[in-house]
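Number of protein chains: 2
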Amino acid sequence: MTLTLIALDQPTSDFAAVFTRNAFPGAPIILGRQRLAESSLGAIIINNKISNVCAPGGSDAAEKISTATAAILGLDSSQILPSSTGIIGWTLPTEAMISALPAAASQLQADSILPAAEGIVTTDLYPKIRSVSLGEGRIVGIAKGAGMTEPNLATMLVYILTDLAVPRDTLRTMLQSAVDQSFNRISIDSDTSTSDTVALISSGTVTSNVSLRAFGDALNEICRDLAEDVVRNGEGVRHVIRTTVTGAKDNEFAHLTGKAVVNAPLFKCAVAGNDPNVGRLVQAIGRFLGNLPDQVDASALRLTMGGHAIFANGVFQLNPTKEIALVEHLKQAELYSSAPTADGVFTPPVDYPTHERCVEIGIEIGSGPGQAIVIGGDLTHEYVTENADYRS
Amino acid sequence: MTLTLIALDQPTSDFAAVFTRNAFPGAPIILGRQRLAESSLGAIIINNKISNVCAPGGSDAAEKISTATAAILGLDSSQILPSSTGIIGWTLPTEAMISALPAAASQLQADSILPAAEGIVTTDLYPKIRSVSLGEGRIVGIAKGAGMTEPNLATMLVYILTDLAVPRDTLRTMLQSAVDQSFNRISIDSDTSTSDTVALISSGTVTSNVSLRAFGDALNEICRDLAEDVVRNGEGVRHVIRTTVTGAKDNEFAHLTGKAVVNAPLFKCAVAGNDPNVGRLVQAIGRFLGNLPDQVDASALRLTMGGHAIFANGVFQLNPTKEIALVEHLKQAELYSSAPTADGVFTPPVDYPTHERCVEIGIEIGSGPGQAIVIGGDLTHEYVTENADYRS
Numbered sequence: 137m138t139l140t141l142i143a144l145d146q147p148t149s150d151f152a153a154v155f156t157r158n159a160f161p162g163a164p165i166i167l168g169r170q171r172l173a174e175s176s177l178g179a180i181i182i183n184n185k186i187s188n189v190c191a192p193g194g195s196d197a198a199e200k201i202s203t204a205t206a207a208i209l210g211l212d213s214s215q216i217l218p219s220s221t222g223i224i225g226w227t228l229p230t231e232a233m234i235s236a237l238p239a240a241a242s243q244l245q246a247d248s249i250l251p252a253a254e255g256i257v258t259t260d261l262y263p264k265i266r267s268v269s270l271g272e273g274r275i276v277g278i279a280k281g282a283g284m285t286e287p288n289l290a291t292m293l294v295y296i297l298t299d300l301a302v303p304r305d306t307l308r309t310m311l312q313s314a315v316d317q318s319f320n321r322i323s324i325d326s327d328t329s330t331s332d333t334v335a336l337i338s339s340g341t342v343t344s345n346v347s348l349r350a351f352g353d354a355l356n357e358i359c360r361d362l363a364e365d366v367v368r369n370g371e372g373v374r375h376v377i378r379t380t381v382t383g384a385k386d387n388e389f390a391h392l393t394g395k396a397v398v399n400a401p402l403f404k405c406a407v408a409g410n411d412p413n414v415g416r417l418v419q420a421i422g423r424f425l426g427n428l429p430d431q432v433d434a435s436a437l438r439l440t441m442g443g444h445a446i447f448a449n450g451v452f453q454l455n456p457t458k459e460i461a462l463v464e465h466l467k468q469a470e471l472y473s474s475a476p477t478a479d480g481v482f483t484p485p486v487d488y489p490t491h492e493r494c495v496e497i498g499i500e501i502g503s504g505p506g507q508a509i510v511i512g513g514d515l516t517h518e519y520v521t522e523n524a525d526y527r528s
Numbered sequence: 137m138t139l140t141l142i143a144l145d146q147p148t149s150d151f152a153a154v155f156t157r158n159a160f161p162g163a164p165i166i167l168g169r170q171r172l173a174e175s176s177l178g179a180i181i182i183n184n185k186i187s188n189v190c191a192p193g194g195s196d197a198a199e200k201i202s203t204a205t206a207a208i209l210g211l212d213s214s215q216i217l218p219s220s221t222g223i224i225g226w227t228l229p230t231e232a233m234i235s236a237l238p239a240a241a242s243q244l245q246a247d248s249i250l251p252a253a254e255g256i257v258t259t260d261l262y263p264k265i266r267s268v269s270l271g272e273g274r275i276v277g278i279a280k281g282a283g284m285t286e287p288n289l290a291t292m293l294v295y296i297l298t299d300l301a302v303p304r305d306t307l308r309t310m311l312q313s314a315v316d317q318s319f320n321r322i323s324i325d326s327d328t329s330t331s332d333t334v335a336l337i338s339s340g341t342v343t344s345n346v347s348l349r350a351f352g353d354a355l356n357e358i359c360r361d362l363a364e365d366v367v368r369n370g371e372g373v374r375h376v377i378r379t380t381v382t383g384a385k386d387n388e389f390a391h392l393t394g395k396a397v398v399n400a401p402l403f404k405c406a407v408a409g410n411d412p413n414v415g416r417l418v419q420a421i422g423r424f425l426g427n428l429p430d431q432v433d434a435s436a437l438r439l440t441m442g443g444h445a446i447f448a449n450g451v452f453q454l455n456p457t458k459e460i461a462l463v464e465h466l467k468q469a470e471l472y473s474s475a476p477t478a479d480g481v482f483t484p485p486v487d488y489p490t491h492e493r494c495v496e497i498g499i500e501i502g503s504g505p506g507q508a509i510v511i512g513g514d515l516t517h518e519y520v521t522e523n524a525d526y527r528s
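One line per chain: the protein sequences are P and U, in this order.
Be aware that the first sequence starts at 137, since it is given in our numbering, and climbs by one per residue.
Be aware that the second sequence starts at 137, since it is given in our numbering, and climbs by one per residue.
Please note: incorrect hints may appear among the correct ones.
Treat identical chains as interchangeable: a pair holds within one or across any two.
[Stated by the list, open to error] Heads up, simulated DSBU-like pairs for lysine-lysine below, C-alpha to C-alpha not over 35 angstroms straight-line:
(1) Lys200 - Lys385
(2) Lys200 - Lys467
(3) Lys200 - Lys458
(4) Lys458 - Lys185
Worth flagging that the hints you see were computed from the coordinates, not collected in a lab.
Given the sequences, and given the hints that come with them, work out the whole structure.
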């Protein structure tokens, strides 16, 4: 287990957080929701390996760790946000964690966020950091993935720090909006973690004349980039699939259409095999439309893959030359080739992503102004290897 | 490609069919819906390999094959139900199929339905037949799976024949009811085929005093058994997962809760690895409950696996002895061991299911009288192998 401590020079009243919508949230989530009502926040203490969800005595454990962290930093326990990720159901080794806190505090430094980005990972292959400079200040965010990742949010912990002064209420509105357009528009596997957290903290030390609009744009950029990073490093992901949905009734309809595609196992498997099986793409969209209470006119649907028209006027638009181009598009978007060891174990070889290309799916519904970009991954042997015996 | 012809001795007015709800149905489905309005049905002509979905000229192809089949049998084309399954988007080789029809007709026989059950398969490992004798008559059904299988219905073709006289309207009501409790309560991979069909045909030759209730019960039994057969022979399935949901607000709520579990990739992977990762089970239920518009009291949830209590009063009920028993339950339900060849290809070795045991999940929600049994499979390397390059 790694303990990661993020401490502010001074507690701040300007902080925001968005948590999982899972109905069985972890103890740190329950506590974190209470912290939103506190007047200030001074530090975040994060552990990996065990998520402290529905474990006997879980709330007490989270409180004890907050109290011990506060004592070391000269803060009140109400100023500490605890976060946990890892196995669901196991009990935190509270005493051992408290014993390790002084060492974590002694390593606090102001030079780099990389150790924190490295400390919070579980099955991630590499740390994820995004940063935007703005006027005389900066926004920097770190994230962990990498499975149990759908909307609301993911087994995903994201911490975004800024020195730019933005008041609490504005931070909270902006964070929810940024999350809706980023972390809520990705899916590794359609599962939703019990521990998802995105926190945003402003130290307020830089009060230059950066507009709130510029701040919001930069925050959206950080969240979108980190969200795509989470998918690119999703468990077993070898292709990132980006669906751009347009012409929907409204944005939410477009969002759900994209989700239906990136969560369709058969299409995800086809992408893994560099197989442009567009029939499975149409199946996935047709399943979504067919399950709606109101009948949708599906005849206006137009699909592209890698910019090539593949479906229009109710029939496929395919020929052998186009099929070859589609296979090439899929191969270009592959992060690495799949290869098992002699005993059938598939292991991802990448330390950092080899490129940032996506399998590009265009979905024009032809019934309104709604649009959304939804990002997901393929379904691979590496995903099954990772998840058929993660605990053992 | 295999052509399978099922012909009645005499056309009958007593027939019923339920089709996919996918918004992009195949041409045979569109034609099949029209056939329901016809006065009689005389034969079904089925091909595998190509599903005739959204292919240019698909409706014409289905009509031509109906007409050619009718000509050979001395029927009208309106009395023929065409069915197709296989790759979506490809065009049927209509002329070659018409040339092969006389050979298919010459093989018609009244001894056994086994050749038909064998003829309709695609990736199925074995034919699926269920039969119930009733008074002086009988109901016999055949089914194909094996992927793209969720509700409404599955890449699933099911043909149920009976000599017992039951009028058309009653047949149709009974079939919809039986399908709702069987084929709509299974999921291999949450995908929904564009070609799903369940047809029920009564020749009406036996008019013994079998009650409609007894007939309905036998039909339900056939459908339930065939539905479980479809899952047990689902693509890559090594464990059948049976969720028994009780105490829900209503039956539909129970149904959706069960679906949320059997469609949760991380839990399915854990089952594949004989890993009783009950945290992922709680996550899956919590995701479903957390996404509902109304808040649900999750504190009354009680879970069992293999009859062992694993969750109650908001916390896990686990200990090392129980974990060993849970692993044993999973191993007992395994259909075969997973083993790759030297080049990493996983191939299911079974010709027929080795047993009929399930991973038994009990979910008591504690808020009402609703209940449902929902059946699904695990997520395995064999599934990925089968679907990453099915077309090639």
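Do the hints match the structure? See the list:
{"no.": "1", "hint": "Lys200 - Lys385", "verdict": "neither (49 angstroms within a copy, 38 angstroms between copies)"}
{"no.": "2", "hint": "Lys200 - Lys467", "verdict": "neither (51 angstroms within a copy, 39 angstroms between copies)"}
{"no.": "3", "hint": "Lys200 - Lys458", "verdict": "between (61 angstroms within a copy, 29 angstroms between copies)"}
{"no.": "4", "hint": "Lys458 - Lys185", "verdict": "between (46 angstroms within a copy, 22 angstroms between copies)"}
In this structure, the hints that do not hold are numbers 1, 2, in rising order.
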